[in-house]
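When you get a sec, could you build the whole thing from the sequences and use the hints?
There are 4 protein chains.
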Amino acid sequence: MYRIDVHKIGQSGPGDLSGLKALIEAGTIKPEQIIAMMGKTEGNGCVNDFTREYTTVVLSQYLGGLLQLTPKAVEKRIAFVMSGGTEGVLSPHITVFTRVTADPVRMGPKRLAAGIAFTREFLPEELGRMAQIEATAQAVMEAMRDAGIADPEDVHFVQVKCPLLTAERIREAAGRGAQVVTHDNYESMGYSRGASALGVAYALGEVQRSQLSDACVLNDWKLNSGVASTSGGIELMYNAIIVFGNAAASPSPYVCAHTVMRDAIDARSVMDAIAGLPVPAANIVNVFAKAEADPSGSTRGRRHTMLEDSDINQTRHARAVVGGVIASVVGDPMIYVSGGAEHQGPPGGGPVAIIARTETF
Amino acid sequence: MYRIDVHKIGQSGPGDLSGLKALIEAGTIKPEQIIAMMGKTEGNGCVNDFTREYTTVVLSQYLGGLLQLTPKAVEKRIAFVMSGGTEGVLSPHITVFTRVTADPVRMGPKRLAAGIAFTREFLPEELGRMAQIEATAQAVMEAMRDAGIADPEDVHFVQVKCPLLTAERIREAAGRGAQVVTHDNYESMGYSRGASALGVAYALGEVQRSQLSDACVLNDWKLNSGVASTSGGIELMYNAIIVFGNAAASPSPYVCAHTVMRDAIDARSVMDAIAGLPVPAANIVNVFAKAEADPSGSTRGRRHTMLEDSDINQTRHARAVVGGVIASVVGDPMIYVSGGAEHQGPPGGGPVAIIARTETF
Amino acid sequence: MYRIDVHKIGQSGPGDLSGLKALIEAGTIKPEQIIAMMGKTEGNGCVNDFTREYTTVVLSQYLGGLLQLTPKAVEKRIAFVMSGGTEGVLSPHITVFTRVTADPVRMGPKRLAAGIAFTREFLPEELGRMAQIEATAQAVMEAMRDAGIADPEDVHFVQVKCPLLTAERIREAAGRGAQVVTHDNYESMGYSRGASALGVAYALGEVQRSQLSDACVLNDWKLNSGVASTSGGIELMYNAIIVFGNAAASPSPYVCAHTVMRDAIDARSVMDAIAGLPVPAANIVNVFAKAEADPSGSTRGRRHTMLEDSDINQTRHARAVVGGVIASVVGDPMIYVSGGAEHQGPPGGGPVAIIARTETF
Amino acid sequence: MYRIDVHKIGQSGPGDLSGLKALIEAGTIKPEQIIAMMGKTEGNGCVNDFTREYTTVVLSQYLGGLLQLTPKAVEKRIAFVMSGGTEGVLSPHITVFTRVTADPVRMGPKRLAAGIAFTREFLPEELGRMAQIEATAQAVMEAMRDAGIADPEDVHFVQVKCPLLTAERIREAAGRGAQVVTHDNYESMGYSRGASALGVAYALGEVQRSQLSDACVLNDWKLNSGVASTSGGIELMYNAIIVFGNAAASPSPYVCAHTVMRDAIDARSVMDAIAGLPVPAANIVNVFAKAEADPSGSTRGRRHTMLEDSDINQTRHARAVVGGVIASVVGDPMIYVSGGAEHQGPPGGGPVAIIARTETF
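Residue numbers (the working numbering), protein chains in the order written: chain W, 2 to 362; chain C, 2 to 362; chain U, 2 to 362; chain A, 2 to 362.
Worth flagging that the hints you see were computed from the coordinates, not collected in a lab.
Possibly wrong hints are sitting among the right ones.
Identical chains share a label here; the pair holds if one copy fits it or two copies do between them.
As the list claims (entries may be wrong) - Subject to a maximum C-alpha distance of 30 Å in a straight line, what follows is the list of computed BS3-like cross-link-like pairs (lysine-lysine):
1. 77 - 223
2. 223 - 73
3. 223 - 31
4. 111 - 9
5. 9 - 223
6. 111 - 73
7. 223 - 22
8. 31 - 73
9. 73 - 9
10. 22 - 77
11. 77 - 9
12. 22 - 9
13. 31 - 111
14. 31 - 9
Pasting the structure below:
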C-alpha cells in the first residue's frame, strides 16, 4: 500500500518557491515522493493567464535539479495542476501530494489514497468531443488502480487538467482541414472541461456510454459528475488525472470526503459534509471546489449579471463568490476553488472535496 | 409619528421601472410618500459607472411626471442612493422607502423609523476633508430629528451618498488655485466616502471632534463608524443622508438591527444579528452592507491579491465576496452590498444593517 | 429632392444633451428635420454597455417633448445608432443628420443624400441567419429609394444598428423550442453584425443570393461589403438602416466618399480617400469607420494578442488602434469608429466613410 | 571602441525562447556579448503583470546555463528591460543588444553606441523622491562613459527600468516607521517612472538641480526629458539604465535618432524623424516610444475617457493608440511602446527613438 501526505504552501507570487524549498530542505517533503502539485495562481484564470505556466516552469526546473531530470521529464512524473484565478479572498498556494510505500493497516476507518494517470496528447479537433471523453475515462480507471481503489463509491475527487484551443492550434488544425469544436479560445476551455468531466462520470458509472455523444457536451446538463474537477491550461495538450478517495488498508494519516454544492451560495452542503467527517473541522487541510455562474442567469430565483458582464469573465465572478462562501465556513481563505464547472455537479453548483488530518492510525 | 414602509423591487436592467410602476399602479406604493430609494445597479461601481446616473434619471423623470415636479425637484425631495456593482450573485434591485404620518403606538418593541437630510453642495477641494466631515455630521443630526430618534444607540444604519472628483471638477478647482485632496478620480471616491463616514461617527459620538482633522481621513483607521454606509456617485456634489433606526412610538411594521462584520468572511456576526431579531429570519426584507478588500493585504492571515489586481478594482472583488457570504446566510442574493468601507467598521470589515417585517403592531 | 445637413456635437457624458439643446435653441437644428443620430458613447461597447441605451433614452425623451411624440414614436421616426466604446483617444459625440425638402440643383458634382428604413422585429432565433440577411437587404433598397439614389455605385456608407441575444431572449426562444445561433451573448453580437453586413452586400450586388446561407455567416469571409457598418445594441430587436451616398440633384452642402482599410494600420488608404475628395481635408466633418482584430491572429505578419486577451474584449483593442490611426491622419479624435467588422471589408480591415463640407452649390 | 549589434526576435508567449535559441545556436548572437535585452511582454503592464518577471526568469536561467552564471549574476551582467502590455497591434518581442570591442572607424557619420549602469537597491520610501532622482542621474553619467559618449547632444535614448511599491514593500517600510510616497501600488509605478525620468533630465542638463525636489515629481510637468524612457517592474528594487546614442568612432553598423511626439496622434513628428535618417526607412530595426493618456483629459481639444475608465488602465489605452499610430507610419507592429510617460516628453506625448541599420562602414 501507499501512504499519502498532503502539504499546503502559501506563495507570495507565481514564481515564489520559498515555502516549498524550506520544507524540502527540512526533509519534511522528499522530492522523489511527490506525485502531484495543485496550485491556485493569481492570473485571470482565462486564456491569457500565464501564471499557471510560469509556476509550472519554475517548479519543474527546481524539482528537475533535485531529481536529476529535465523539466519535461518532471512534468511527466508529477501531475501539475495549476488553476488560475484567486479572486476575492482566495489566497495563492500550492498543495503538494507525496506518496511512499508503507505497510497496510489492519483496522480503523478507510483513509486517503491517491493515484494518477495521463491521457495521450490530443489533436486540437479532439478537444470537447468523444475522443477526449473516452481517453479520460480510461485514464481515470488507470488512476483508480494506481490508487488501490476498487469501488467507485470510494472515489471522492477526480482532478483533471485539460488543454484549450489557441489561435495557433486552431490554425494548425484548419491547415489539416480539421474542424475544431469552437473558434472562440475562451469557449474552448469550457468544452475541454466539460468533455473531461463527462469522461470521469463515464468511468465512475455516473453516466452510461449510450448517453454520451459529441452533441451532449455543454448541452445535456443532466449528465454530470459529483466528484470531477476539471480545469484548463494553455501549457499542455493531454489530460492529467489525479483520483482521490479512501481505501481500507491505506496507512495515510488523512481522510477525504465530498459533497455537491447545489448553487454558488449553498454553504449548508459544505457545513453538512464537514459535520460528517470522522475528525474535527480544525483538522481540515484543504478544500477543493468548482465554481460557475448559474447558466440559467439567476441564483435562487434572483437574476445575476455574471453572464452578461463583458468586463469580467463569469468564472472570475464565480470563483470570488464560492471562494468567499466556503472560506466563511472553514474560516480559511487559502482553499482551492477552480472556475468552470461544466458537467461538474448541477448547473450553477459544483463538487467540493475535503481533505482532513486524522490522528487514528 | 411616521409609519415607514419598505419595498424591494428587482430590475431587469438599469432602465427597468416595470416593477415600480406595477406597485404604484396597484396603489401599493404612493409616489408622494416616497422618501428614499436605494438601488444596486449593474455597472462597475467605479468612476465611469453610468448605470447609477441612468437609473436616477429614469426614476426622477417617471416620478416627476406623477408628482408634477421637475426631475431636479424630485432629486431634492427623494434621497436617491444608487450604488453600482452587482458582482457575483448580487441581483440588481431598488429598495423603496415610504413614509406617512400615523398615530404613535403605545406598546411593544421599538420599530423602524427613518429620516433624511442633505448637506450643501461642496466645492471639489472640500471633498475628503473637515468641511465634508462637519457638514455631514450636522446633516446626520438633522436626519435623526426628522426620524424622531433621540438616542444615538437607536441608530442602526446611516446611508450617505457622496460626490467624487472628475477630471473636469479637478480642473475647475485648479482654475481657482484650489488644491483637491487627490488627482486620482478613483481614489477621490475613497476620500469622499471616508470623510462622510467620519461625519457619521462624529454625529453619533463614535469619535470625538478633537480626534478629527484633514490628516486622519484614509489614515487613522481606528476612527470609524459601526453604522455608516457611504457610497460615491458622479451625479451629485452634495451629501444625501438617510438615518434608519428604531423608535418607541413608531407605528411601522418593521424593525431594524445592525452588526459589524470583522472581515469579508465573517458570516458568524451576520448569523448572530439575525438570531437576535425579535422576528424569524424569513421576515428579512433586505440587508445593507459595506465591503472592502482588507487594506492589510490579507484576510485571516492569508494573503489576498485584491489590492494588486490592475484588471479588476478591489471594490468589485470585495462586493462579490461579501455579497456571496451574506447571501449564503440569508438565502437571498437580492441584497444591498456597497463597495468601499473606508472608516465604516474595522479595516477589511464593515457595517451590516438588517430590516425585517414584524407582525406585532 | 432633399437637402441633408450634418452636425457633430461633443458630449461630457452619455446623458449630456447640452450641445444639442444649444443648437436647437439657436435654431441651427430643427427637431422635425432630424432623420438620424449616430453616437459614440463611452461604455465598453459590449453586452453590458448601458451607455448606448441611456443616451437613446434621454435623446428620445428630450426630442419627444419638442415633437409632441412618445419616446417610442421618436425611436421609430429617427434612426438612433449608438455605438459604445471610446477607447484610446476617441471622443464621445453625436452626429445629427437632418433632412428637408429643397429644390434640386442643376449642376456641379453629386452631393450627399441619405435615406432610412427599418426591418420588422426579429425573433431571437432569426438573428445571425438568412431571415436577418434578407430583411436587411430589403430595407437597404427601401432606404436607397428614400435617399433618391438609384445606382449602387453611389452608395458610400450603409449604417445598420442590429440586435443581440441576451440570456432572457435565449430563454424565451428555448421556451418555444427554438434554437438560437449561439448561447454566448457576446458572440451573438458578431453573428447579428455579420448577417446584417451580408444583407447590405446582397442589396448592393457585392455578393449574390446563391452565395448566401445560414452557414456562411461568420464563416465565408470572402463575402463582405465595402460600405456596410453594423453595430449591435441591447435596446432594439429590429435592424435600423441608414444609407448615405451622393446624388446628382442633391442640394446638400456636403459630399461623401469611402475607402476600405486593408488592416488596422492602413493609414495610406485613408490618406488617399481624403486626397480624392473634391474639397480640402479641413472640410471633413466626420469619419465613420469599422474596426476589428485581425481574425488570423496577426497584423502585417506580426502576432497580435487581441484575440487571446480575456481581460479586454478584442473590439476594444481594435477601436483604440483604428481610432488612433485615423485621428492621426485627420487630426481629430472626435470620429466614429465602431467595433466588430464581421463581413465589413476584408478580415482585419474595414470600411471607412468620410463626410465633408463643400462650398460649391 | 565597441561595436553594437541589434536583433529583434518575436515571441509566441512570455516563456518562448525559440527565436533567441535559434540565433545563438546559429552563432549569430554570442551570449557573452549580450549587454541588454528589451522586451514587450503580453501582460497588462500594470502591478500584477507577471509576464515581465516570467520572461526575465526564463531568459536569465537559459543564459546562465550558457554563461556558467547563476540567474542572479546574469541579471547583474545584462540589463533586462521587460515592458508589459501589447495592446492593440503591438507584437510581443525581445530586442537583444550585443557589444564587442572593435577597431574605431576613421570616417563617416556618427554611429550607434550604448552603455549600461545600475543604481544601488532603493528602500521603498526612496522611490519617487530625490534619492531616486540623484542615484539615477549618477548612473546615467556612468552609462555615458561606458558608451564612449561625451556630449549629451549625442544621447538619443535612455532606457530606465525602475521598481514599484507592493503591499509587502509598503508594510516593510511602515514597519520601520518610514512613509512611502503613496500607498496605491499602481500610482507608485508613476512616481518611480517620473523620478527616474527627472534623473535622466538632470544628468543631461535638460533640467537644473535647483529646479528639483520631492515635490516636483508628478507635479511640475514642465520638467521633463526628451530622451528618457522609464518603465516599472515588480521584479527589481534598483534602477537599470541603458544609454543609446551616436559616437564618432563607433564601428557599429547602426545609427540612432530621436524625436518627441507632442501627443498620442502626432504621426508627423515620427515621419519627420524617419525622413531625417541618413538611411532609408526600410532599414529601421525597431522604434522605442513612450505613451500616456493626456493628463489634461483631452487630445487636440477633444475630451478622451482614458483617465476615467475604471475597467482598463489608462496606460493600456495609451499603448494601444501610440502603438497603432507608429505602426501605421513604419508599417511594422513589432515595436516597443511602453506606458506611463511621466516627465518623459510633454504631457500626453513622449520620446520616440529609432534604430536603423546602415551599410556605410
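Query - Homo-oligomer pair classification [residue 111, residue 31; C-alpha up to 30 Å] - result: Answer is within: at 25 Å inside a copy they meet the 30 Å cutoff, but 60 Å across does not.
Requested in this report: Have a look at residue 77 and residue 9 and pick one of within, between, both or neither, based on CA distance no larger than 30 Å.
Outcome: Within. Shortest intra-copy distance 22 Å satisfies the 30 Å Cα cut-off; inter-copy 34 Å does not.
Query raised in the report: Checking residue 223 and residue 73: alpha-carbon separation at most 30 Å within a copy, between copies, both or neither?
Result: neither (38 Å within a copy, 42 Å between copies)
Query raised in the report: Quick one: residue 223 to residue 22, C-alpha cut-off 30 Å, is that within a copy, between copies, both, or neither?
Result: Classified as neither; 44 Å inside a copy, 39 Å across copies.
Query raised in the report: For the identical chains here, do residue 111 and residue 9 meet the 30 Å Cα criterion within one copy, between copies, both, or neither?
Result: Classified as within; 22 Å inside a copy, 50 Å across copies.
**Report entry** Homo-oligomer pair classification [residue 9, residue 31; C-alpha up to 30 Å]
**Finding:** within (15 Å within a copy, 43 Å between copies)
Report task. Give the relationship of residue 77 and residue 223 under a CA distance limit of 30 Å: within one copy only, between copies only, both, or neither. Result -> Intra 34 Å, inter 44 Å, cutoff 30 Å: neither.
**Report entry** Status of residue 9 relative to residue 22 across identical chains (alpha carbons, at most 30 Å)
**Finding:** Answer is within; shortest intra-copy Cα gap is 13 Å, inter-copy 36 Å.
Query raised in the report: Are the CA atoms of residue 22 and residue 77 at most 30 Å apart within a copy, between copies, both, or neither?
Result: both (21 Å within a copy, 24 Å between copies)
Query raised in the report: With identical chains treated as interchangeable, where does the CA-CA distance between residue 31 and residue 73 reach 30 Å or less: within a copy, between copies, both, or neither?
Result: For residue 31 and residue 73, both the intra-copy (19 Å) and inter-copy (26 Å) Cα distances are at most 30 Å.
Query raised in the report: Is it within, between, both, or neither for residue 73 and residue 9, if the alpha carbons may be no more than 30 Å apart?
Result: both (24 Å within a copy, 28 Å between copies)
Query raised in the report: Is it within, between, both, or neither for residue 9 and residue 223, if the alpha carbons may be no more than 30 Å apart?
Result: This pair counts as neither: shortest intra-copy Cα distance 34 Å, inter-copy 34 Å.
Hint compliance for this structure: hints 1, 2, 3, 5, 6 and 7 are not met, and every other hint is.
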